[in-house]
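**Student:** As a plain string of letters, each chain reads:
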Amino acid sequence: MNAPQTLRAWLRNTQIRESDRQEPFLWGPSGSIGLPRLAHGTCLGGRARALAGRSVLVAAADPFAAALALIELDGVARRLILCTPDLGSTHRRGVIEKAAVDAVVSDDDQDEDGVGLRIRVSAHVTDAVDPPGASRDTEWVLLTSGTTSGPKLVVHTLSSLTAAIRRAPAGAPDVVWGTFYDIRRYGGLQIFLRAVLGRHSLVVSGAREAAGRYLARLAERRVTHVSGTPSHWRRALMSPEARTIEPRYIRLSGEIADQPILNALRSFYPKARVAHAFASTEAGVGFEVDDGLEGFPASLVSASGDVAIDVNDGLLRLRSARTAIAYLGEDRTGLADADGFVDTGDVVERRGDRYYFLGRRNGTINVGGLKVYPEEIEAAINRHPAVRMSRVRGRASPITGSLVAADVVLHAPPGPDEDASFKREILQVCREQLAGHKVPATIRFVPSLDLAAAGKLARHA
Amino acid sequence: MSVRTAVISEVRQVAADQKKTLPPLIDDLVLLDSGLDSLAIAVLVARLEETLGVDPFTESSDAAYPVTLGDFIRLYERAADAQGVASQHADSRV
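Chains as they are written, first to last, in our numbering: chain P, 16 to 476; chain S, -7 to 86.
In case anyone wonders, no lab produced these hints; they're calculated from the structure. If you're wondering where the values come from, they're calculated on a predicted model, not measured in any experiment. C-beta atoms are modelled at their ideal positions from N, C-alpha and C, and glycine is treated no differently. Check each hint, because a few of them may be wrong.
To be verified - Just so you have them, the derived chain P footprint on chain S, three or more residues with Cβ under 8 Å: (1) 17 to 25; (2) 31 to 43; (3) 56 to 66.
Take these sequences, add in the hints, and give me the full structure.
**Tutor:** Spelled out as structure tokens, the structure:
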């Protein structure tokens, strides 16, 4: 599909069908909006012009309000930074600095950012009075969970973000999208843009909406297409409301889709096509596999198509028009190599005519779609006075894909009464310093840990 | 200790670790309504693998995901039974 000039222009220039006038287009947890209003109204009290050419942090707590702001500001702002709900205040300051933010759009009245211009976004859309000004190519900046120094800022354009989206054939049946992802994350943003470009309605999930409640809203709107991570889907299948939806298409991405979750979805939703996609914020949408098996066919590698897929030294690399443009700030280096390939950092192994995902090269652990860096957790554990050293690794979890497990070497072997109390104390130290998904699920005391040649802890993917 | 007792005690331990208050632990309790989120349930499954030596989710690639606490306990009881049968079988061959 050719990239639209701006989202607003796309919505204004496409012919609005009679059905589009009747039915709301975006459904949020507490409101909805139709296409004509989305194409012409304002969620910013008519103040979008004040944001022309600015670097705007879109920091609404409500993802529905954020969606409205993104549509109104694409082509107006110079840069839109999509603030994720879990961004802490320390990292937020870093993001504001790195992205040279000079305006904030938010749905609350607390101003702790110290940025000159602050405009309130409201899920209640009113008629816009001023005509749209000249439009520009807006940079879309997504945050990915980075190291302890804060998230990485990944720059896309509307064109790179929409390059994987195909136009639906004429006469195709109606589509209603749902996604468990927050629409400010790459996986969710893809679904949001698919909905806007295809003029399909979308049920937007709330920031902290329970799985059961969201599934009930999806059922109410007769959802046909639903996306989420394998962990989102495992949680969904544990909800009684999972029985209330009948999707035609189920998409998994963001984590390794293992055979048990693919089997469970196939038997739970026998009428649905179940597909797992490889996509990342940096590399964009790579490919989709819908043969019901984990991993991907080896024939995809070096096949001709929109995406060049390469495996080099066990690492998956992708090149396409869908990859991000650059990193913002100090870590500008290293997005694509000289040949335009983005190293995904994912380790794959070929067995027969298929490749299987083994994990991350740098030892990053993916807990339910959230990245965890072992070094940060080791540093927390090592603060306990009895600890000599520790190594944190991922352990497979049938619920969240992976969990954090710690191997700990103590200064002296634990006495019979100390084993349990040391574990409790170490966990306590971790809980005080780390987000819940980073706290080790299990701790094991070991006599020693291997060191690699350079004296660093040996890590395995 | 029965499988049921082991599961219930680990549920209480995980909830206590995460400072969550549990409703009465009856079989019809929907797990996701218990105050334990999916991360807590993942931790629970990992700890039970250490105490009971079984992970019914991973051992069967066709296991249905449990909705209620009763479903969850039965999953472990069946897995423990299957393992007991397997180990008896192994013993008889020695």
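**Student:** Are 3 or more residues of the region 56 to 66 of chain S near chain P, judged by a Cβ distance of less than 8 Å?
**Tutor:** holds (count 4)
**Student:** Closer than 8 Å, Cβ to Cβ, for at least three residues: run that test on the region 17 to 25 of chain S against chain P and report holds or violated.
**Tutor:** holds (count 4)
**Student:** Are there at least three residues in the region 31 to 43 of chain S whose beta carbon sits under 8 Å from a beta carbon of chain P?
**Tutor:** holds (count 8)
In summary, this structure violates none of the numbered hints.
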